[in-house]
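Trainee: What follows is each chain in one-letter form.
4 protein chains.
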Amino acid sequence: MKCDLTKTEEIESMFQKIKEQLGGVDVCVNNAGVDLFLDCKTGSLSDTKTMYELNVFAAITVSQLTIQSIQERNLNDGHIINMSSVCESTVHEDSSCHMYTPTKCALKAFTEGLRHELRKEKTKIRTTMISPGLVDTPQARADMDDNLFCPETCLQPDDVAAAVTFALSAPPCVNVRHICLHAIHDSF
Amino acid sequence: MKCDLTKTEEIESMFQKIKEQLGGVDVCVNNAGVDLFLDCKTGSLSDTKTMYELNVFAAITVSQLTIQSIQERNLNDGHIINMSSVCESTVHEDSSCHMYTPTKCALKAFTEGLRHELRKEKTKIRTTMISPGLVDTPQARADMDDNLFCPETCLQPDDVAAAVTFALSAPPCVNVRHICLHAIHDSF
Amino acid sequence: MKCDLTKTEEIESMFQKIKEQLGGVDVCVNNAGVDLFLDCKTGSLSDTKTMYELNVFAAITVSQLTIQSIQERNLNDGHIINMSSVCESTVHEDSSCHMYTPTKCALKAFTEGLRHELRKEKTKIRTTMISPGLVDTPQARADMDDNLFCPETCLQPDDVAAAVTFALSAPPCVNVRHICLHAIHDSF
Amino acid sequence: MKCDLTKTEEIESMFQKIKEQLGGVDVCVNNAGVDLFLDCKTGSLSDTKTMYELNVFAAITVSQLTIQSIQERNLNDGHIINMSSVCESTVHEDSSCHMYTPTKCALKAFTEGLRHELRKEKTKIRTTMISPGLVDTPQARADMDDNLFCPETCLQPDDVAAAVTFALSAPPCVNVRHICLHAIHDSF
Chain A
1 MKCDLTKTEE
11 IESMFQKIKE
21 QLGGVDVCVN
31 NAGVDLFLDC
41 KTGSLSDTKT
51 MYELNVFAAI
61 TVSQLTIQSI
71 QERNLNDGHI
81 INMSSVCEST
91 VHEDSSCHMY
101 TPTKCALKAF
111 TEGLRHELRK
121 EKTKIRTTMI
131 SPGLVDTPQA
141 RADMDDNLFC
151 PETCLQPDDV
161 AAAVTFALSA
171 PPCVNVRHIC
181 LHAIHDSF
Chain B
1 MKCDLTKTEE
11 IESMFQKIKE
21 QLGGVDVCVN
31 NAGVDLFLDC
41 KTGSLSDTKT
51 MYELNVFAAI
61 TVSQLTIQSI
71 QERNLNDGHI
81 INMSSVCEST
91 VHEDSSCHMY
101 TPTKCALKAF
111 TEGLRHELRK
121 EKTKIRTTMI
131 SPGLVDTPQA
141 RADMDDNLFC
151 PETCLQPDDV
161 AAAVTFALSA
171 PPCVNVRHIC
181 LHAIHDSF
Chain C
1 MKCDLTKTEE
11 IESMFQKIKE
21 QLGGVDVCVN
31 NAGVDLFLDC
41 KTGSLSDTKT
51 MYELNVFAAI
61 TVSQLTIQSI
71 QERNLNDGHI
81 INMSSVCEST
91 VHEDSSCHMY
101 TPTKCALKAF
111 TEGLRHELRK
121 EKTKIRTTMI
131 SPGLVDTPQA
141 RADMDDNLFC
151 PETCLQPDDV
161 AAAVTFALSA
171 PPCVNVRHIC
181 LHAIHDSF
Chain D
1 MKCDLTKTEE
11 IESMFQKIKE
21 QLGGVDVCVN
31 NAGVDLFLDC
41 KTGSLSDTKT
51 MYELNVFAAI
61 TVSQLTIQSI
71 QERNLNDGHI
81 INMSSVCEST
91 VHEDSSCHMY
101 TPTKCALKAF
111 TEGLRHELRK
121 EKTKIRTTMI
131 SPGLVDTPQA
141 RADMDDNLFC
151 PETCLQPDDV
161 AAAVTFALSA
171 PPCVNVRHIC
181 LHAIHDSF
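Protein chains in written order, with my numbering: chain A, 1 to 188; chain B, 1 to 188; chain C, 1 to 188; chain D, 1 to 188.
Identical copies go unnamed one by one, so any copy, or any two together, can satisfy a pair.
Computed list of lysine-lysine pairs in DSBU-like fashion (alpha-carbon distance at most 35 Å, straight line): (1) Lys19 x Lys120; (2) Lys49 x Lys124; (3) Lys7 x Lys19; (4) Lys19 x Lys49.
In short, the hints are calculated from the structure, not lab data.
It should be emphasised that the depicted structure is a prediction, and the values quoted were computed from it without experimental measurement.
Turn these sequences into a full structure, and let the hints guide you.
Mentor: Take a look at the structure:
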């Protein structure tokens, strides 16, 4: 199912279709994200907003609709997995991710807030944030210098998938709150 | 000078007027901010975006235009003061600020990124983040229960002003990076 | 092999025995730790030091001796896993862990420092910090009220073991830096 | 009054003398600290312990005795100021402070725990942590290369004193929780 995540209507209609075809959504993995390599001093506001649209607002909408879908079926469990980045742990001196990092810090705080709310309600819906380092994806290869992509400096997509699987496959009452992983010689 | 900070054009025209009338901007204090008391689970996206417009995007624009104004006059110093909140240090269990906290975490990371960039350029433009607890303002009184507003639980505007003055009046080579202050019995 | 980890000589002699019998140590899991439930205002210094002896100093010694053992055999990989606690992410209002939390914050910073040093040397020795919430152990049961020990509020030892296994079984160039996990209704 | 802060008995006898001569202690500034420039991989345990003795354990004892002195005179206010370091905010790649940073992280968590406890008791005793960057002191000059000591890269002792004064002179119900300051071109 294709969906432009920067358009709330498309997200809503995707959830509607899933409801009709599959009953609902129990687990979401907010993996989509974009880094436009802006610095804080000169990054244009419109590019900045594009990053927030996808990295923050789309993840909020998908998270909220997933919980709604779980609860309207009177279910008590499910899982929200938000993909952050190793950059959220430290604002790095290297400016290539300076305008991107705040979007991931916002997503982290959102995920934590959501976790507190779900616990207060005594639901068993779990929340996980995964903070990977650089991943060897076609997009990353297009953006960067090819010689960065050795195993010592970047993850493979399977490594991140393994983290998702680890969080999902924990016993139902175990909440894997956070996983940070990166290539052994990643510069973060 | 009045300015709707959620409208980039108004900010730009304000900076233009200041340039014509006063020469330029050396110091900005991004004090405007709004908490619409949304929780993460149900907060509407449009209200959420309103908070990001003022708390994040306006602060970015004002910071960028201030630096531009400093550097187009070939000056080397100036000061960006961004007003965060004590909530950025810990995502609190109390949901009344759950959707607001991520905006302040984003602002913090932006301010840190900017600081690294300004240092790399070897400018002496300083950046400060101030994280106050609850402040006794007309807006806060309108939003909340009156009996919260005793000196033990909330700051006076003057207390925050004193922090701004402290940061501004430090010797030119001293960067007060962060000040967190709150009433002695504030719940954070 | 039994070892009183608060005695450096016993740790050293344990490593000596392992060297003679098995060749050396490639992986250590610094799992031993103690919380004496002291508050910051009144906790005795001697009890406080007991916690640092085990939670910080023993973990430092074991980490250093493991790296030494790896490198004196001209190996390039290995794994240091330090067991922290969910409390390191936020100083909690509940005072029962106030004097314990700083020991885990120290261990976290030590682990991060070590990671930077090992990367600078271009070794492939990995470091992982695991921050579990309350775990249902005989020690914890002895310390606390029995009705805390339902699956919603505390982990089982196997849950923590699964996190260790996940970190260890990642591909050699993947460093799982941090895992935080806790029972779904743990109060942190 | 001279006192070897690594000896608890000397601290206790200093507090006794102050009690006899001046009545008691209302404010303490735990400024003493030592960085022995150890890295995490090879730093000796005995040097490491020396740093904890002064940076952590002495500060704990002085804080506890100050609060005791305040409360045994049935006073309700006072101030504990603990001197941390800018390094506590981020574990830096530069290894010269790797074994020192954890001591300051521990001190920060101790100060936060103490703050929660004092608030729960509804006292008005305030706690402040100050995190300065490199300061131009005789000790620092002895330890380091002379050309580091220009105003752009290090603070003067007066700059830190100004932060202490700012925290102390806030109105009684205002708690300045944290101040981080450093020279404009300090590398943190």
